[in-house]
Structure formats: structure tokens, C-alpha cells
Amino acid sequence: MSSSARYSEASLGAAEAPLGAAELERRLEELVGAVLSSRRSATGLARGLAEQTRPLQDFVLRWTAVTAKSSPELAYQYAGLAARAVGELGYAGAERWLMTAIDVYDREGLYRASAELKDLAAFVGRAREGAWGVSFGKVAGVLGIFLAGLAGRRLQLAPADSAWTDTATLFLPHRITLFASRAENFRVYKVSAALLWAQTRFGTFALASAQYPQAPHELELLNLLETLRLAVRIEHDLPGLYRDLEALSRPALGAEFRAARERLRAPGATVADSLAALGRLPASARAPDWPFLGTLDPARALAVRQERVARDKQALRAALQRWSDERGEEGLPPPDGESLEGGAAAPEEVKRLVESLLQDLGDLPEDCLLPAGEGAYPARAQQAGAAADGADDREDGGALRYDEWDHRRGHYRKDWCALRERDVHAGDPAFVEAALERYRPQIRQLRRSFEALRGEDRRLRGEPYGEDVDLDALVRGHAELAAGGELGERLFVRRARHERDMVALFMVDMSGSTKGWINDCERHALVLLCEALEVLGDRYAIYGFSGLTRKRCEVYRVKRFDEPYDHAVRERIAGIQALDYTRMGAAIRHLSGILARQPARTRLLLTLSDGKPDDFSDGYRGEYGIEDTRQALIEARRAGIHPFCITIDREASDYLPHMYGAANYTVVADVARLPTRLAELYRRLTR
Amino acid sequence: MAGIELAADAAALRLEREPYYCPLHGEVELFEAAWRNRVPVLLKGPTGCGKTRFVEHMAWRLGRPLVTVSCHDDLTASDLAGRYLVTAGETVWVDGPMTRAVRLGAILYLDEIVEARKDTTVVIHPLADDRRALFLEKRGEVLHAPPEFMLAISYNPGYQSVLKELKQSTRQRFVAIDFDYPVAEAEAAIVARESGVDAATAQALVRLAHMTRNLKGSGLDEGASTRLLVHAGKLIAQGVAPRTACEAAVALALSDEREMLAALNELVSSVF
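For the record, the sequence lines run as chains A and B.
The first sequence lines up with residues 10 to 696 when you count with my numbering.
The second sequence lines up with residues 895 to 1166 when you count with my numbering.
Source of the hints: derived by calculation from the structure; they are not laboratory data.
There could be a bad hint or two in this list.
Claimed, not checked - Listed below are the simulated DMTMM-like cross-link pairs for lysine to aspartate or glutamate, each with C-alpha atoms no more than 20 Å apart in a straight line:
# : chain 1 : residue 1 : chain 2 : residue 2
1 : B       : K1032     : A       : E476
2 : B       : K1110     : A       : D679
3 : B       : K1032     : A       : D679
4 : B       : K1032     : A       : D481
5 : B       : K1012     : A       : D477
Unchecked claim - Just a few of them, taken from the derived set where beta-carbon distance is under 8 Å, the chain B residues facing chain A:
# : residue
6 : S972
7 : V980
8 : E984
9 : L1161
Glycine included, C-beta positions come from ideal geometry on N, C-alpha and C.
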């Protein structure tokens, strides 16, 4: 049976008794008598309809009457097909199907209209695909936020053939077209996604790989049993979601599952209980065809988890080693299990890793509490870096040297990075024109909201209200009073908003990872930003950054502080490309230097990047890079600059608060929104 | 004359009934100790977590009048200290709320101090250190605060505006009390008590709030505050359907973005 038939059944709670065949025949004859004859009676129609519920009968009669006013023939045909149409499409859908046919009748006559009616299957197909089907792309945004709310962190979502999870990513179907309404189809997505989250949250993959069944049919049943178990967890905290799940659990569960369901209702039931219940199911048991049930792939889930555990373990051991060294310097004993559980003094990094491991394993294994040497980052990358290091030595003329922070040593590496300023080559001016065209309404709105920020620093004299008496006005007023006039009201001085004495430098990621879509969005964002800033009058500059190893850090001039926003700047914005790596520290140091030389009360450094700092030499990838970037930002702050970082990060980004400082960054999860967000962020930062 | 006015003033500013406040981690004792030792207090925390209510409660507890000023970006030093007005050809000095609070020995609460203009902080500096004095520049007068006077300011560190950071020279004059949303059980009790909903509904509201707080940084600037929950609870207690109440009082209050609203409503419909 199709799912939409289930939908209609569910919504039909017939209270009134159905009409009998004789009564139906009488009514139909009244409606479509004109097209009946001795060879064509309403008896067959009435008989078929007599088996349906009363609301459905009423529905068919009502619309037959409506149609008969246009064409009794069409009405007759409709009466014959309507019950099936409701079954396939639901009431609203069947109504739309009929309306389409009547429209065709009005335009093209009976022949085409009756063809339209008879081709119910085609209409159902189109309707599901187009009108009521819901696609992954449409729901991913909302579901992503929904799941972040449930889980407390961003979960990765991806489309796939069926709903399943490998514990790192939740996979959801490309499209859902089971039901005749968007809302219902979305509900299936929502329940599927929530169940996948519940699988990772409530330990569906907590056992060893060998304990899970292999046969697809057994996995299917285990998936069902797990769903029953997780539903109980959901019922307690999320009753609304549970009701959705219940409503979609049609057809009802067979009697063979009753015992298992009862057992899994016990508080604290685990996946082991589901497995035990699986063993007790009769061999004939088949999982019902519930729309939200996906598939279970414990083998892949465990492999992914194992990889993550191994990575976390190694990182934890390395972190413990560093912590132990630090404690050693302070004369403290090395950390042990107890100091970890006490927790308060442990570095953020250790806590995070412990938390991640606890979630995966439920318990901290002994072997990861042994501090170990370095090695959290792949050695391969470092070797590649060493080779590149040598090759670049000879190019080192005329570069500026910058220190780099080595967190492992707790010291700077002196003059470690060589940085050059370069020009961006002019790009296609049509790009900017197109952007201006495309975002015209947004630009108009941004300009308006920026106008509101424009400061004027004036002492307004002769005001009716203000912080000081306007002596001139008062003297004049007294003179008038003496002359027999009246003392006016405008006797005060008021100071209007002070001027925005502010400069801003935008630092844009030109690393290879921004290639394509992100790069386009960055460039659009800059165009919008410039348009808005021109209204405001703040002085600003734009620089790009990229680099390949410490010998070749590069900063690209897009717009200097002393340059107007003109044709050349626009072409350079268009010319921003995705280049190499992201060695952020050196770029921040160089650009904060430029910014610090600008005379202004407030200096703002905004970085726009797409995630972790990354370069393949010196292990800049990962922690070293994060720490160096963090240090460079701290230096900037010391120099009286306000840094603010904007990240387009598609991954869970738990290192961001550490790297950027908790209050000084924002994540733009949806790249498409960057263009409008950037200018808006600037406005909010500086209002 | 002025004395009588002040007395009437003080009576009007005194709190008659105890404002409900649920102490969480010794902040009441801390505030009392600070008051006794004439140390000003800085209350830090997100919006709607109970800072203002706490000050009201403390004012009641200590039996002091309370002068609250909600700071805004046009609030100047003379708005706080006072100004000359011209009436019938004469200039008359009128005390601002800060001057009044000092004269009364009240608790002066400057809510969201960073919203005010920079020059206001200069006025509070001498009040906030051991001088405890208010300089009324325009009158050439120095007011010394009586021992009962106390200055409390609040500040929301979550605001991401470089212009709204509290200067070190200001913040280092204060004892800071950190506020956050209460733990789930306590928050549910507060919501139930303030709004009149039953315990189960209050717990569901708090669960919803936690989910929205999870979204801080991924689309929301702040999660739902306790205050929002109380609003939603009041609507529910009045017979509004929980989903409708939460959509109006929580989802729409938090965001204008369509996608975010859709997701928030899905969370609402999951919890209720």
C-alpha cells in the first residue's frame, strides 16, 4: 500500500455511517442524469462508492455536483475516479487534480479535460515530484539549525539514497515525495534526522563490530528495534517530536514486536537490549515500511568512530604531555586520572578531547592517559614542508621578516616568516557590474542603514533641551524680555553624536580552499561592503592574504587606506583569486602594523577566512597554526587594534573561541549569505 | 524644603514588597558584603538572566531606595548628574538621577552601562573609588556619598561591538558578580513561579531555552533568556496554546530570519 493512502486513512475518522448504494445511485442520477442512458447507469459508480467512508462519499458528491455545472460528462468520469484520487493524493490533492481538469475543460474542451482526468497516475507523479515533494537542499538549512539546537553542536548533513549515519555525518534522502503535502514530507525528514541524532547520542553504535548482525534483513530489524528504544528517550524530553514519530508509524506494528517493544520501554535500555530482543523475534518478523526508517550500517559507523577515537586519543596523549611539562615547570606532579576528573585546572584542549572520548566510549581507557610526545599531526605534511622550505630559500630578497609564535616552546621564532606585499591583478570589471546589478535592492537597503550610522559632531545651539544653557541665547532672550517680548524656549546647547573616528582594515582569505563558490561570495561581499562604506565615510582598506611556507607569505593590496573606491579598486576586487595556503599569523602581524599607523580613535581589523589556518610546512596545519594566529591577534589587541574574525566554516568549529577569543568572532555558516552579512556585521560592530 | 522633597523621593523609591529572586550561588551575600564595605558592584551576564531583578531584590533586602537608569547611547553626563533649566528668566538647577541617588544614600543602578556615552564613565569614576564623591562641575559642588550609598552597574559581555567594551579603568573599580542563566531545575522553578505555569510546562520551556542557547553562534546572537520564558509561560498560563505562545514569545523574539524561525518553530513543536 502506498504511504499516501495511509495518510488519508489516518485523517478519516468517519463518525457518520456511510451511505448505501441505493441512496448514492439516487443522488448521482440527480447530478449527472443528463449523460446517463440505458447502457450507462450510475449503478456501478454507486456500488463502488458505497464501500467508502462517509466523508469521502460527501467529498465525491460535493465535487461531482460542482463539476456537473460545467459538464455532466466530466462529472460522471470524475465520480468514477475520485475515490482512487483521494487515496493517492489526499483530499487537497484530489481537489487540485479536479481543478486542473476543469481548467483544461474551460480552455480546450471535454476531450482534453477527460484525458487529463484519466491520466491520474501522471498527475500523481508530477504532484509528488513538484508540488509536494521536499528535497534535501530545501530542508538542509532548517534541519541543520534544528539539529544544532538538539545536539548542542553543528552536525554535518549530507544527501544520500537513504537515511543513515556514520556518527560523523547524518545522511538524509535526496527527496521525500511520500505524502501529498510539503508539511508531511518535511515531517519525515525531521523525524529521520532526529532519530539519526538520537542514534549517535544514545549509543546505537556502542558495541564492538562483531556483536552486530551482518544480514541485511537482521540489520533492518535491529534498526526498527533501535527506533523503538530511541523513541522512548525522545518521548520524555521531546513529546511533540514523539507525536510526529507516532503519527508516521503506520501501518501499526505487528503483534510479533509487542514483547520487544515492552522490554525496550524499560528506562536505561541500551543497544544490547535491542540485540537481545532481535534474537527473540520470530524468523518471520518483517520490519514495517515506516517512511522515516533508514538503514543501519554499524560497520562503517564503527570504522569512522574508531578513527576519531584514535585521533582523539593520540591528541589527548600529546596534550597531556604538554600539560605535564607545564606542570613540571611549576613544580606540580604530572596529571593523572584524578586530576582529569577534577577537571577544573585542565587546559581547554584536554577537556574537549576528554569530552569527545567520553561521548564515544563512555569511559576513558587507561592507555590514553599516558602522556606521549608530539605526533598529533600527520608527519607526512611536515616532510613535504621541509622540501618546500629549501626550494624557496633563494627567493628571499626584499621581504619583510615577521616572528612566529611556537606554542610548544612558548617563544617566538625570530624573523621566521618572510612576507611580501603584492598587487592583485585587475580582474573582469563585468564581475562587479553583475554583482551591483544582482544585489541592487540589498545595496540600497545597506546604504540606508549605514546612513543612519553617519555621525555628526556638532554643538547644536538654541535647542529647547540640552545639557547646558546657551548663554548667547539666554542673553538675547533677556534683552527681548526687557524690551517687553517673551523669553523663548530655545535656550540650551546640545551636543549631537560624536564623529565616527574609525578606520577598518579587511583581510580576505585568498587560500586555495576558497576556490570557486566561496571566492565568488567573498568578492560579492567586498563589493557590497565598499558600496555601503562609501556612504558612511569610514576610512578602510582591503588586503588579501595567502602563502606557501614561511618563506613565501604574501599579502595582496586590493585597496589601500589612501586610495578612493574607484574603477581600479573594483577591478582588483574582481581579480581576487584562490591561491595557496593560509598562514594567517604573519599576515595579521603585517596588516596590524599598517593599521596601527593610521590615525584614528578606533582601529578595526576584520579577517575573513574559511576555517583553520593552514600551511603545509612546520606543522602549521592544526594546533601550531591556531596558536600562532591566536598570538598574532593578541599582539594586535595590545597594539590598540580591535580584531574581529569572520569565518565561513562548514565544520564543527570548537577551536574558534580559543583562536579568536570568545567574543571576537562570528561564523557565517551559509556562504550564500556572506555578501549581505559582511556589511551588516560591520554596521553592528561599529554602531 | 529640599529635605522634605528628598524624604518623599526616598519613600517613592523604596520597594514595598519583596521582589522575587532565587539566589543561585552566594551572590546575595557577596552583594551585601560589598554594600557594607562600600565597594561598587559590576553585574555581568547575558540579557534577561535576572540582573535587574537581583538589584531590586537587594535594594529591598537592604532597605535602600533604588534609582535605576537604563543607559542608552544619547545618555550624557549631565543627564545623570543634573542640569540648569531656565524658568521665568531664572536658571534653576535640577538634580539628575545620579545626584539624587547620592543625596538619598540610595542604590544607584546603571543598567547596560556600555550603552551610555563615553563621558558618563568619567562622572562615575570618582564615585566608584574610595573618594565616593560626585563632582557637580556646573555648580562647583562636591557631593560626598553617605555610607549607605552604593553604585551598581550591569554589562552584557556578549555584545560584539568594539565601541561597547568596558574600559579597564572603569571595570577595575568594581567587584564583579557573574550572572548566567540558572541551572535547569532552578530556572524551571523560577519560570513556574513567575509565570504561573505548572512544573512540567516550565521544564519544557527551559528545555526549549537550552536548545536555543545551543544555537548561539550558529545563527542566533543570544539564546532565549529566562525573561522570554517567563513571557511565554504567562501566555500559556492565560490559556494560549504552548506552541503558539512559544512561537510568539520565543521564536519571533529571537530572530527575523526565515530559516532560523522555521528551525526554532520545529524545536518548539518538538518540545510541546
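How the hints compare with the structure:
1. This hinted pair checks out: K1032 (chain B) and E476 (chain A) have alpha carbons roughly 10 Å apart, not beyond 20 Å.
2. As the CA atoms of K1110 (chain B) and D679 (chain A) are separated by approximately 15 Å, the hinted pair is consistent with the 20 Å bound.
3. For the suggested pair K1032 (chain B) and D679 (chain A), the alpha carbons sit about 54 Å apart, so the restraint of at most 20 Å is broken.
4. Taking the CA atoms of K1032 (chain B) and D481 (chain A), the gap is about 17 Å. The hint holds against a cut of 20 Å.
5. At roughly 18 Å between alpha-carbon atoms, K1012 (chain B) and D477 (chain A) fall within 20 Å of each other, so this suggested pair holds.
6. Checking S972 (chain B) against chain A by beta carbon gives a least distance of about 4 Å; that is within 8 Å, so the hint holds.
7. Nearest Cβ of chain A to the Cβ of V980 (chain B): about 5 Å, under the 8 Å cut. The hint holds.
8. Annotation: E984 (chain B) was flagged as interfacial toward chain A, and the flag is violated, the nearest CB pair being 10 Å apart, outside 8 Å.
9. For L1161 (chain B), the suggested interface contact is upheld, since its CB lies about 5 Å from the closest CB of chain A, less than 8 Å.
Consistency with the previously given hints fails for numbers 3, 8, ordered from lowest to highest.
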